[in-house]
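Novice: Each chain, written out:
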Amino acid sequence: MADTVIDAATFAELQDTAGGDFVGELVGTFLEEAPQMLAELRTAMAEASADRFRRAAHSLKSNSNTFGALRLGEMARVLELGGLVTDAAPLDALQAEYERVAAALQELSRG
Amino acid sequence: MAETGSRLLVADDNKVNRLLLSRSLELQGHRVACAENGRIALEMLRRESFDLLLLDMEMPEMTGFEVLEQLVADLQLRDLPVIVTSSLEGVAHVARCIELGADDYLPKPVNAVLLKARINSSLEKKRLRDQQKELVRRFATSEVADDLQRSGFSLGGKRVVGTVMFCDIRGFTSITEQQTPEETIELLNTFYTLMFDAITGCGGVVNQMVGDGLMSIFGAPLPLADPRGSAVRAAREMIELIELLNVEREAGGKAALRIGIGIATGDMIAGYTGTQSRATYTCIGDAVNLAARLEAHTKQAGRPILIDGDTAAGLGGAWVLEPLGSVQLKGKAAAVEVFAVAT
Chain V
1 MADTVIDAAT
11 FAELQDTAGG
21 DFVGELVGTF
31 LEEAPQMLAE
41 LRTAMAEASA
51 DRFRRAAHSL
61 KSNSNTFGAL
71 RLGEMARVLE
81 LGGLVTDAAP
91 LDALQAEYER
101 VAAALQELSR
111 G
Chain R
1001 MAETGSRLLV
1011 ADDNKVNRLL
1021 LSRSLELQGH
1031 RVACAENGRI
1041 ALEMLRRESF
1051 DLLLLDMEMP
1061 EMTGFEVLEQ
1071 LVADLQLRDL
1081 PVIVTSSLEG
1091 VAHVARCIEL
1101 GADDYLPKPV
1111 NAVLLKARIN
1121 SSLEKKRLRD
1131 QQKELVRRFA
1141 TSEVADDLQR
1151 SGFSLGGKRV
1161 VGTVMFCDIR
1171 GFTSITEQQT
1181 PEETIELLNT
1191 FYTLMFDAIT
1201 GCGGVVNQMV
1211 GDGLMSIFGA
1221 PLPLADPRGS
1231 AVRAAREMIE
1241 LIELLNVERE
1251 AGGKAALRIG
1261 IGIATGDMIA
1271 GYTGTQSRAT
1281 YTCIGDAVNL
1291 AARLEAHTKQ
1301 AGRPILIDGD
1311 TAAGLGGAWV
1321 LEPLGSVQLK
1331 GKAAAVEVFA
1341 VAT
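Taken in sequence, the protein lines are chains V and R.
First residue of the first sequence: 1, per my numbering; consecutive thereafter.
First residue of the second sequence: 1001, per my numbering; consecutive thereafter.
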């Protein structure tokens, strides 16, 4: 499971219950919203705002798990529970994983 | 399916969550509105009517916890079913939500089947609660129903100073003999409608209806600034309404209705008497007995409204009173001062 970017079973179930077209739109919304959450994490780190940091990580975790982006979800979860970071490395790793998730989701919702 | 078409509010700061929850609920046949944070959700709940709230916890401006706290404190909203949908971790959060009155807690991502089951169960519970409330309202006054809802039911009562009024129809037996039972029921319904209107309009509560009579209380369960004046004002209105009714009755060739009203004020215990399974809201005290005796005495006195000394003393000259002196009432050890209210 750790090797897949998107858990196929979770994504298929989502399409099943909410409808394929709707999930396509939902992916679009996520791809608009997620970059703002990633940016919010960096801003919160720069301003040392633990509340904003936790909330942004929480949101990203929640949405990642919805689409079956389990690894991204787990990374966001670690940030949510771990609190403010002082070094941008975990945020860079998160960003890189998000890029993979975004590409995979676009692929899946086209298919 | 009875639940179809319920109106639900989704409060979540995350757009993907809002869209997905709305979609799931709409697929289940519900109508859905959304709020982006707790503050907006509360505003919408106070403005519009919803059957259920799906509440996220982690939200800017006002968190779900704060929303739950506000709902509990709000008489209009405290019965609204709330299902928390959150990805906050830890049993402590779940426990806190339940303690604050949430019906249920669903972890995100929300499983659609589970969501449907929980929502239907919550809506069903709400429907039963609404039915119960409706029943209480039909068989008790709305003041008593509110008091019950606020403080729950318990036998026993609290000590208050209140004014009690008894009223009944003079010569009711002979009226019933002159007409059909259907006409009598219709007359009683008209009579009660008019009397309720006057009494509740003046802040009183009708707590008993027996045959052709009724008992009402001014100053309990809700305190009134001027229970004596309110009761006398209600009595005057009752007489006026009966006179209006009599114009109609006489035009229809029917006998005029006469009523007698007795009013007394004093210390009393107001509360529920009866058993745990069947009880009634009432007042116990000397004033209750006295008001009933005064009402009975209106026949001999030939005056429609009689009040006791305590009520008279508290009126502050706002009404024209005719002192009838000390009267020895049936069942009373000592004579009491009686006054007639001019009509």
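Just to be clear, a hint being listed does not mean it is correct.
[Unchecked claim] Across the chosen pairs, the derived CB separations fall in these ranges:
1. V:V85 - R:V1091: 21 to 29 angstroms
2. R:S1049 - V:A93: 45 to 53 angstroms
3. R:L1106 - V:A93: 28 to 36 angstroms
4. V:D92 - R:V1072: 43 to 51 angstroms
5. R:Q1131 - V:T29: 34 to 42 angstroms
The hints are simulated quantities; they were obtained by calculation from the structure and are not laboratory data.
Cβ atoms here follow ideal geometry from the backbone N, Cα and C, with glycine treated the same way.
Novice: Please go over all the hints and tell whether each is borne out by the structure.
Specialist: Evaluated hints:
One distance hint, 21 to 29 angstroms for the beta-carbon pair V:V85 and R:V1091, holds here, with the actual separation near 27 angstroms. About 48 angstroms separates the C-beta atoms of R:S1049 and V:A93, a value consistent with the hinted range of 45 to 53 angstroms. A beta carbon spacing of about 30 angstroms between R:L1106 and V:A93 agrees with the range 28 to 36 angstroms that was offered as a hint. The supplied range of 43 to 51 angstroms is met by V:D92 and R:V1072, whose beta-carbon atoms lie about 44 angstroms from each other.
Checked against the given bound of 34 to 42 angstroms, the beta carbons of R:Q1131 and V:T29, roughly 40 angstroms apart, stay inside it.
When held up to the earlier numbered hints, the structure conflicts with none and fits them all.
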